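Participant: Residue-level listing of the chains:
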Amino acid sequence: MTFADQLAQFVVSGITQGSIYALIALGFVTIYSVTGVINFAQGEFAVLGALVAITVSQGASLFRGQMAIELELPLALAALAGIAASVLAGALVYRLGIQPARHASVLSQIVVTIGASIVLRGLMLLAWGTEPYRLSPFTPGKPIELFGAIVTRQSIWVMGLTVVTLLGLYLFFQHTLIGKALRASAANPGAARLMGINTLRMGLIAFALSAALGAVAGIVIAPVTFVTYDRGLMLSLKGFVAMIIGGLTSPVGAVIGGLALGVVESLAAGLISSGYRDAFTFGVLFAVLLVRLGGVVRRGKGQALVGAGL
Amino acid sequence: MKMRLPARRLAIVGLVAALAVIPQTVGNNYQIFVLTLIGLYTMLTVGLSLVMGYAGQVSLGHATFYGIGAYTTALLSTKANLPPWLALVGAVIVTALIGFLIGVPIFRLRGHYLAMATLGFNVIFILIVKNESSVTGGPSGFTSIPPLSIAGVTFDTDVSMYYVVWIATLVILMLSLNIVNSRVGRALRAIHASEIAAETLGVDSTAFKLKVFALAAGYAGVAGGLYAQTVRFISPSSFDLLFSIELVTMAAVGGLASVWGSIFGAAAVVFLTQFIRDRLGDLLAGAAGEGEIIIFGMLLILIMVFLPEGLTTGGLNAVRRWQARRKENVPA
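From first to last, the protein sequence lines are chains V and F. For our numbering, count along the first sequence from 1 and bump the result up by 45. For our numbering, count along the second sequence from 1 and bump the result up by 1.
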């Protein structure tokens, strides 16, 4: 394998991984735009969706073997079940945690979402234990060769679904009434309320939608990497970094941020040191933060963004 | 107000007396170790409470400094062959310095960004410890750390370390109370209330935040060093992100702007964890670890939603409000 082939391989696996970060980041952007909250439970939505989908499509032994589930439903149904489970979790997190604390400080709300992520992680540990789970690929078959790199069929699924999701979100936000109401609540909550938009319900919808996006990410990556109950934290962190790179409120920016992060990580891990993969993520974060927000001029803007919550 | 000062002094004397007597009444070494942990966590929580409650700055990576203190102590007293007490002093200086150096770039950030940056440092610290195993022992940990010894006296029993830790804790508590009630404390509260207003009045907010952050890092250095010398074995899992979050919980339970609350927060979280491990373990058929995590998360949410000022301050305020309401109702 030549060096160029190797590079191509790193870039392809980086884009695959980056697509997942992009999907997680899209969830972050949706919630942040509408409610001003950074939701650290976003990665847990992905893991929950994946674990439920795996259980429904392949069966699993839950609660330390006390509950054996023998299901072999088709993948589409399993994916729907996974998404539904995450949406339910997202709605509960909003109604029980975020909505009661919506007048609290940024710090309190961050801590609430961290608390929610811990509860979800604990519940998943209780049900699924510490074993790694894996979903079989959506379409079995040989990998495809592209520019000297080996691309698995699942990687194509991952990239394709990311593009489809981004398009779907665009259509939803631009051309549906709920989408427009969500954007109105994001732009000016007070005015949105005066126009008869229930901003609390919009918050709920934003959480449900983000949870669904998270579940899609988790399910589509489940055949590529193993899923364990505690993977959510790292996914959240990566998604958040991608969101910051993309400028916090831009869906397209989030996708670009996610892809860029995935590629940088993959190249750095492959060429420099695989043990420090996650450190490179934060290296990128620090670089972006200090370059974009470090200066005196930018400082005011950063503050305005953070203070813009409901 | 005149009545309150002697009462407060009495409370301090009572606390010191209770702390001094406890090891004589508790025979069990494990229980003494748990009480020692509460002292260590109190030091960490006080620092975090100063950073988050008084300066209003989020820190989700405080375990980093605890870890730096522990590993520096371990390295200085083994590989550099320094006497353990000097290793401890060195570790505190190193930790405070690192806190200061990390603070310079990240205190230009705010809110979510700052939270993420502090969290990022924690992740990077753990990665370094895990990867550089020739220096740190890697994931399996750093063993045979020499015990603390000062002037020929070796502190290698649980009871002796209990006293060392609690004396350090009380010193740190007193120091923090003095800071809170001084010009620095007022400046910090002003920064918390409104950074722009504080700066208009001539408070250099960045300088104050940096100093507090370095101070809190130094406290964590003391706690980390003493922890290493108490358990004599350290591994990265004691200093990970989850522990940082646990520390935020302790600070939140105690009240984010309450120095005394930090003892209460640390004790409440440690006892709750012990209780869940001991009691719920039977109930949940060996699922104590999961139960611990779930209850922990719920506690965090409940406190943030219902008592954002923490159990001590928030609870006292709630009682005061209730009393005020009763007084209003009596004449009617």
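Source of the hints: derived by calculation from the structure; they are not laboratory data. In this text the structure is predicted, and so the values were computed from the model without any measurement. Do not rely on the hints blindly, as some may be mistaken.
Claimed, not checked - Derived list of chain F stretches under chain V, where covered just means 3 residues or more per stretch with a C-beta under 8 angstroms from a C-beta of chain V: (1) 102 to 110; (2) 125 to 139; (3) 244 to 253.
Claimed, not checked - A few chain F residues facing chain V, derived, Cβ under 10 angstroms: (4) Q58; (5) Y114; (6) A116; (7) L120; (8) G121; (9) F122; (10) N182; (11) G186; (12) A269; (13) L273; (14) I294; (15) I295; (16) L300; (17) I302; (18) M305; (19) F307.
Every residue gets a Cβ at the ideal spot worked out from N, C-alpha and C, and that includes glycine.
Participant: Flag every earlier hint the structure violates by its number, smallest first.
Facilitator: Structure breaks hints 10, 11, 12, 13.
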